[in-house]
Amino acid sequence: MADYNPMELMICVAARNLEDGATVVVGTGAPCAAAMLAQKTHSPSLTVMFEAGGVAPILPAMPISVGDSRTFHRAIMASSMPEIMETCQRGMVDYTFLGGAQIDMYGNINSTMIGDNHAKPKVRFPGSGGANDLASLCWRMMMMTPQDAKRFTEKINFITSPGYLTGGNSRYDAGLPKGTGPYRIITNMAIMGFEEESKRMKVININPGYNRKDIQDNCGFELLWADKITDTDPPHENELRILREEVDPQRYIIGR
Amino acid sequence: MSKAVELKQGQNQLFTDPDADRAREFFRHKSRAMANKVTTAEEAVKTLIKDGDYITIGGFGANRIPTAILHEIVRQKKKNLGFAGHTATHDFQILIAGECIDRLDVAYIIGLEARGLSPHARRAVESGNIKLTEWTNATLSWRIKAAAMGLSFLPARNIMGTDTFKYSAAKEIICPFTGQKYVAHPALYPDFAAIHVHECDVYGNAHVYGASVSDQDLAKAAKRVVITTERIISNDKIRQHPEATFIPFWCVDAVIEVPYGSYPGNMPYEYFSDEEYLKQWLNVEKDPAEFNKFFKKQIIDTKNFNEYLDMNGGIEQMIKLRAIEHLTEKK
Numbered sequence: 001m002a003d004y005n006p007m008e009l010m011i012c013v014a015a016r017n018l019e020d021g022a023t024v025v026v027g028t029g030a031p032c033a034a035a036m037l038a039q040k041t042h043s044p045s046l047t048v049m050f051e052a053g054g055v056a057p058i059l060p061a062m063p064i065s066v067g068d069s070r071t072f073h074r075a076i077m078a079s080s081m082p083e084i085m086e087t088c089q090r091g092m093v094d095y096t097f098l099g100g101a102q103i104d105m106y107g108n109i110n111s112t113m114i115g116d117n118h119a120k121p122k123v124r125f126p127g128s129g130g131a132n133d134l135a136s137l138c139w140r141m142m143m144m145t146p147q148d149a150k151r152f153t154e155k156i157n158f159i160t161s162p163g164y165l166t167g168g169n170s171r172y173d174a175g176l177p178k179g180t181g182p183y184r185i186i187t188n189m190a191i192m193g194f195e196e197e198s199k200r201m202k203v204i205n206i207n208p209g210y211n212r213k214d215i216q217d218n219c220g221f222e223l224l225w226a227d228k229i230t231d232t233d234p235p236h237e238n239e240l241r242i243l244r245e246e247v248d249p250q251r252y253i254i255g256r
Numbered sequence: 257m258s259k260a261v262e263l264k265q266g267q268n269q270l271f272t273d274p275d276a277d278r279a280r281e282f283f284r285h286k287s288r289a290m291a292n293k294v295t296t297a298e299e300a301v302k303t304l305i306k307d308g309d310y311i312t313i314g315g316f317g318a319n320r321i322p323t324a325i326l327h328e329i330v331r332q333k334k335k336n337l338g339f340a341g342h343t344a345t346h347d348f349q350i351l352i353a354g355e356c357i358d359r360l361d362v363a364y365i366i367g368l369e370a371r372g373l374s375p376h377a378r379r380a381v382e383s384g385n386i387k388l389t390e391w392t393n394a395t396l397s398w399r400i401k402a403a404a405m406g407l408s409f410l411p412a413r414n415i416m417g418t419d420t421f422k423y424s425a426a427k428e429i430i431c432p433f434t435g436q437k438y439v440a441h442p443a444l445y446p447d448f449a450a451i452h453v454h455e456c457d458v459y460g461n462a463h464v465y466g467a468s469v470s471d472q473d474l475a476k477a478a479k480r481v482v483i484t485t486e487r488i489i490s491n492d493k494i495r496q497h498p499e500a501t502f503i504p505f506w507c508v509d510a511v512i513e514v515p516y517g518s519y520p521g522n523m524p525y526e527y528f529s530d531e532e533y534l535k536q537w538l539n540v541e542k543d544p545a546e547f548n549k550f551f552k553k554q555i556i557d558t559k560n561f562n563e564y565l566d567m568n569g570g571i572e573q574m575i576k577l578r579a580i581e582h583l584t585e586k587k
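Chains as they are written, first to last, in the numbering used here: chain A, 1 to 256; chain B, 257 to 587.
Everything labelled a hint here was simulated from the structure, so no lab data went into it. These numbers come from a predicted model, not from an experiment. Hints should not be assumed to be uniformly reliable.
[Unchecked claim] Computed spacing ranges between beta-carbons, pair by pair:
id : chain 1 : residue 1 : chain 2 : residue 2 : range
1  : A       : Arg241    : B       : Asp566    : 42 to 48 Å
2  : B       : Glu532    : A       : Glu195    : 45 to 51 Å
3  : B       : Leu270    : A       : Glu246    : 44 to 50 Å
[Claimed, not checked] Chain A regions said to be covered by chain B (calculated; three or more residues, Cβ under 8 Å):
id : segment
4  : 65-74
5  : 123-130
6  : 157-166
Beta carbons: idealized from backbone N, C-alpha and C, even for Gly.
Working from the sequences, and respecting the hints, build out all of it.
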């Protein structure tokens with residue numbers, strides 16, 4: 001079995017979820033690496049978009065900003081932020097990736113603040129940026145994140161971006177587009193989906209080296225478990241070679 | 257919809273007037289003259305921004321930003337400005353260090369994307385001294401678009417059900433055709449916008465290359481607009497490719513020629529961002545006393561943008577950044 005680190009595993013798993021012919025809006029870092037890896041393996045015609053307006057670039061290097069020149073290098077379009085966001089709102093974007101400081105059992109994400117006073121936060125983060133928009137409007141939202149009980153928490157301090165809100169149909173009752181929502185949460189320990197009715201987070205694959213106890217101990221809320229849980233297929237030799245040699249040779253992301 | 261729907265509204269302050277008729281009244285009197293508008297950053301900031309104004313900055317944080325205008329706002333000690341934290345990174349970092357801002361429409365602040373968070377901007381926002389209303393990047397784009405269209409709001413399908421909505425100033429509405437619930441985003445008519453472009457003529461007819469973010473709408477939405485440009489081109493060049501005109505002259509109040517004007521930010525097809533310099537800012541910000549010295553030397557005590565460029569490596573450094581942009585640098 002190939003030797004790999006948790007970031008490499010998460011990127012490989014994320015890439016496998018991006019099928020050929022799909023569209024995905026990505027940020028800098030791991031999501032961009034996952035999209036590039038997918039393009040170089042099973043999804044050559046995956047269309048990658050950046051929120052500042054870049055569409056389908058041939059990325060010569062990892063972008064440092066979602067609006068820098070790399071994000072539209074030899075691209076199909078250098079468009080605008082409204083163009084990208086309206087494409088999402090129209091239902092033409094399949095996937096997006098989010099990050100955040102906290103996530104709850106319904107996949108709601110906090111990237112705004114820690115504390116209980118919005119006017120004077122204990123810790124302030126950048127805020128939504130485009131995260132709420134992409135979580136609201138793309139069909140399927142995914143997240144790659146290290147897992148611990150502080151990050152995976154019963155009650156997050158601020159819902160920056162919507163998951164399934166309070167579960168059930170609450171997301172759609174709130175007015176968000178039907179059929180959208182969190183799809184996969186990919187951690188160093190496991191791969192989670194969401195239960196059909198309750199919309200609660202549910203473990204579907206366990207990563208090599210971890211067991212059910214590790215996964216529950218590192219989660220601040222009660223996880224659901226799929227009827228048939230399988231082991232995560234670890235990164236393949238060719239995925240790791242392409243990731244290391246072609247996608248991120250400087251190890252900006254996989255070296256973290 | 258059969259059951260009665262409760263319509264919610266965000267609880268935070270709306271910092272700008274969304275009224276379309278009052279905006280029309282302003283635009284009724286805005287000059288349409290195709291006059292030579294070339295001036296200096298100093299003069300433009302002095303005459304076009306007053307304390308208390310609500311301002312917006314084009315580009316994307318550290319990409320295609322009008323740095324000379326940002327520095328001049330700090331040097332002229334403009335105070336109590338409202339600011340749209342729309343894809344803001346280094347631009348916000350400068351204005352917050354200059355203590356120019358007292359209220360913020362937040363979509364993205366205090367971060368510099370993959371480079372990390374600004375310690376100083378974070379301290380300033382965590383102090384509680386700045387009023388915050390939450391939005392998102394799409395929301396601010398659409399608020400600016402609503403103004404560009406001459407409307408008072410645009411409906412959309414994001415942010416509902418979240419705390420981002422709760423701490424915004426948006427309101428839910430029902431579509432009169434389908435009964436669908438939408439969020440209504442109030443139009444944002446800024447008092448002032450500064451946008452950096454690749455080239456324009458002396459009247460302000462401008463070309464922009466690469467991702468345009470929200471700048472085409474921003475030039476229409478703002479009451480007063482300053483264009484800084486890598487180079488001034490002839491009006492003939494504009495007329496040779498009228499389809500390429502990104503901003504027309506009637507939106508523009510002042511034109512300033514500022515070569516390398518997005519430095520230390522990226523200017524697509526021209527030069528890449530100065531990553532070492534941006535890293536230096538983030539590092540020096542960790543120590544407030546050190547940062548005060550750094551900021552004073554770099555911006556407050558600097559005469560103008562050209563002196564700033566010279567201080568940071570001048571043309572030789574710009575040639576290096578051009579090579580990085582064009583992927584021709586020698587490793």
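Outcome of the hint check:
Distance hint for Arg241 (chain A) and Asp566 (chain B): a CB-CB separation of about 46 Å, consistent with the stated range 42 to 48 Å. Between Glu532 (chain B) and Glu195 (chain A), the C-beta spacing of about 49 Å keeps the proposed range 45 to 51 Å intact. Range check, Leu270 (chain B) to Glu246 (chain A): about 48 Å between beta-carbon atoms, so the 44 to 50 Å window is met. As drawn, the segment 65-74 of chain A meets chain B at 7 residues by the rule of a beta-carbon pair under 8 Å; at three or more, the given contact holds.
Under a criterion of three residues with beta carbons nearer than 8 Å to beta carbons of chain B, the stated coverage of the segment 123-130 of chain A is upheld, 8 such residues being counted. Counting residues of the segment 157-166 of chain A whose beta carbon lies closer than 8 Å to any beta carbon of chain B gives 6, which meets the minimum of three for the stated coverage.
Figure legend: structure checked against the earlier numbered hints; every hint is met.
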